[in-house]
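Go ahead and model the full structure; you've got the sequences and the hints to work with.
Start counting the sequence shown at 286; every next residue gets the next number (the numbering used here).
Treat the hints with care, as some may be off.
The calculated label-pair distances, taken between Cβ atoms and stated as ranges, are [as the list claims (entries may be wrong)]:
1. I319 / Q443: 12 to 22 Å
2. P417 / E360: 14 to 24 Å
3. G343 / P429: 31 to 41 Å
4. Q442 / R321: 16 to 26 Å
5. L386 / I319: 15 to 25 Å
6. R388 / G413: 19 to 29 Å
7. G377 / P415: 17 to 27 Å
8. E360 / T333: 17 to 27 Å
9. A403 / G335: 30 to 40 Å
Note that these hints are calculated values from the structure, not bench results. Model, not experiment: these values are computed from the prediction. Heads up, the beta-carbon is just placed ideally off N, CA and C, and yes, glycines get one too.
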Amino acid sequence: TASPTTRGVKRPVQVRQPGAPMRTRSFRRLCSSIVRVPFGASTNWGDTAGASRAVRVGDTVHVSGTVTKGETAAEQTAGCLEIIGDAVRSAGGRGLRDVVLTRIIASDIANDLADIGAAHKSAFEDAGAPPPANTTVGGSFPRPWIRVGVEATAVVQQAEPAAQSSSPQPVHNTIHRFF
Numbered sequence: 286t287a288s289p290t291t292r293g294v295k296r297p298v299q300v301r302q303p304g305a306p307m308r309t310r311s312f313r314r315l316c317s318s319i320v321r322v323p324f325g326a327s328t329n330w331g332d333t334a335g336a337s338r339a340v341r342v343g344d345t346v347h348v349s350g351t352v353t354k355g356e357t358a359a360e361q362t363a364g365c366l367e368i369i370g371d372a373v374r375s376a377g378g379r380g381l382r383d384v385v386l387t388r389i390i391a392s393d394i395a396n397d398l399a400d401i402g403a404a405h406k407s408a409f410e411d412a413g414a415p416p417p418a419n420t421t422v423g424g425s426f427p428r429p430w431i432r433v434g435v436e437a438t439a440v441v442q443q444a445e446p447a448a449q450s451s452s453p454q455p456v457h458n459t460i461h462r463f464f
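Right under this line is the structure:
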């Protein structure tokens with residue numbers, strides 16, 4: 286083992302010898318806690334594609350791309366986020382409050398971007414959730430009525446203590462080294 290110095294503190298570094306097995310104990314434990322949330326009765330996509338609405342591995346919930354009917358892109362965005370919040374709750378989370386990343390596909394991004402953004406912001410504010418990271422791109426869908434599709438990643442957090450403020454805490458730029 287080597288001992289690199291970081292800010293004057295020596296830390297041991299574990300070096301895996303060639304041919305030695307990698308440590309997989311935590312990965313096995315993580316994978317033993319997979320929870321799958323099926324698609325609802327309103328869609329047959331789960332059966333057709335062999336997919337789940339959401340899959341939870343450890344504390345992370347991956348929610349499939351979601352579409353819903355609505356007259357406008359804003360209505361579809363709000364509906365998709367409602368379905369995503371329900372899926373995260375079904376996987377043991379706190380709904381939109383645990384969502385850390387949304388990916389939005391819009392069929393007419395040039396004309397609908399402002400409405401989609403406003404609906405996205407409103408859904409998270411209404412849920413008392415901090416804004417997640419987001420990527421919004423243009424794309425096409427297999428049905429002409431679909432204007433927006435949303436998928437999400439959530440990290441399930443423990444319930445907040447009642448006395449804790451809901452205001453966002455400052456971000457500290459810290460680099461952690463894991464060996």
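Q: Please test the hint of 12 to 22 Å on the beta carbon pair from I319 and Q443.
A: holds, 20 Å
Q. CB of P417 to CB of E360, is that within 14 to 24 Å?
A. Once the Cβ atoms are compared, 20 Å apart, the range 14 to 24 Å for E360 and P417 holds.
Q) Is it true that the C-beta distance of Q442 to R321 lies inside 16 to 26 Å, as the hint says? A) Once the Cβ atoms are compared, 21 Å apart, the range 16 to 26 Å for R321 and Q442 holds.
Q.
Between the beta carbons of G343 and P429, is the distance compatible with 31 to 41 Å?
A. Roughly 39 Å apart at Cβ, these two residues keep to the hinted range, so it holds.
**Q.** Whether the CB-CB distance between G377 and P415 falls inside 17 to 27 Å
**A.** Roughly 19 Å apart at Cβ, these two residues keep to the hinted range, so it holds.
Q | Whether the CB-CB distance between A403 and G335 falls inside 30 to 40 Å | A | The hinted range 30 to 40 Å holds for A403 and G335, with Cβ atoms some 35 Å apart.
Q: Look at the Cβ atoms of L386 and I319 and judge whether their distance stays inside 15 to 25 Å.
A: With a Cβ separation near 20 Å, L386 and I319 satisfy 15 to 25 Å, so the hint holds.
Q.
Taking the Cβ atom of R388 and the Cβ atom of G413, is their distance within the range 19 to 29 Å?
A. holds, 22 Å
Q. Falls inside 17 to 27 Å, the C-beta gap from E360 to T333?
A. holds, 25 Å
In terms of the numbered hints stated before, the structure departs from none.
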